[in-house]
Amino acid sequence: MTLAGYLIVAALLFAVGLAGALTRRNAILVLIGIELMLNAANLNLIAFWRYGRSPEALTGVLFVIFSIGVAAAEAAVGLAMIIAIYRHYKTTNLDYIDSMKG
Amino acid sequence: MTLPFTIIAALTIAGAVAAMSLRNLVHCVLALTLAFAGLAGMYLLLGAQFVGFAQILVYIGAIAILTVFAILLTRGTEPDAFLDLPSAWVSNSVIVAAVFGVLVWAVHSSPLSRRTLPPPPQITVRQIGFALMDRFVLPLEVIGLLLTAALIGAVILAMHEKQAAK
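Sequences listed follow chains A and B, in order. Residues 1 to 102, numbered by our numbering, are exactly what the first sequence covers, in order. Residues 1 to 166, numbered by our numbering, are exactly what the second sequence covers, in order.
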């Protein structure tokens, strides 16, 4: 298996996530699309770490661990914001959430 | 070596496509779980066991469950969750195709991408723990601070408005 296989899978995953984030109108699904793009980046990092010159340095693995931590924080804050917006607008459809001031 | 990769890659992509195209939001999250599990399998295939299990714990165990809760709390099973603007569909397709095309072109034109699999490195969790406490201790502290701030912020954001006004 060459490195290109993993990179193509990651690129495909990124494209699917981007398509979802652009076309879905539910805020939660847009968040899921962003989450998929983040995961594609993580897969790239792990693949480059494995095929790199010195995997003993562990930089790729630790970068992905920190990235997963940041993604968890992002998901928690994002979903809390969606719940707060839903309470205000009674919808999670992004087409109807179009003003900054209540 | 290639067969497990093919199966896991197909599962991951199929899960991602289903998560982005199904109508019922709960089904979307279930498909997303499949994609996350496939990614965890891919990490295991690449010899990053610790990251694979962290992926299962954090993504399948926490983020997927949290998303299901958010969907149920926001009555997200209502239909019409797609863009209904034909011109936007066209521009979105162009953007996605362009991004994917550039990525594939970059992968194929790089000499790095034809590198074959080197012998597996001997990585133990003990080594990861030492690295976290030694060279990466500052990022570890920062991520701890970030998670604390994010969780407090999430609670404040989702708190009831009337209570917050008092």
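In short, the hints are calculated from the structure, not lab data. Heads up, some of the hints might be wrong.
[Stated by the list, open to error] Restraint-style ranges between C-beta atoms, simulated for each label pair:
1. A:52 - B:93: 30 to 36 Å
2. B:57 - A:54: 25 to 31 Å
3. B:115 - A:89: 24 to 30 Å
Ideal placement from N, C-alpha and C gives every residue a C-beta, glycine not left out.
Going through the hints against the structure:
{"no.": "1", "hint": "A:52 - B:93: 30 to 36 Å", "verdict": "35 Å, holds"}
{"no.": "2", "hint": "B:57 - A:54: 25 to 31 Å", "verdict": "28 Å, holds"}
{"no.": "3", "hint": "B:115 - A:89: 24 to 30 Å", "verdict": "50 Å, violated"}
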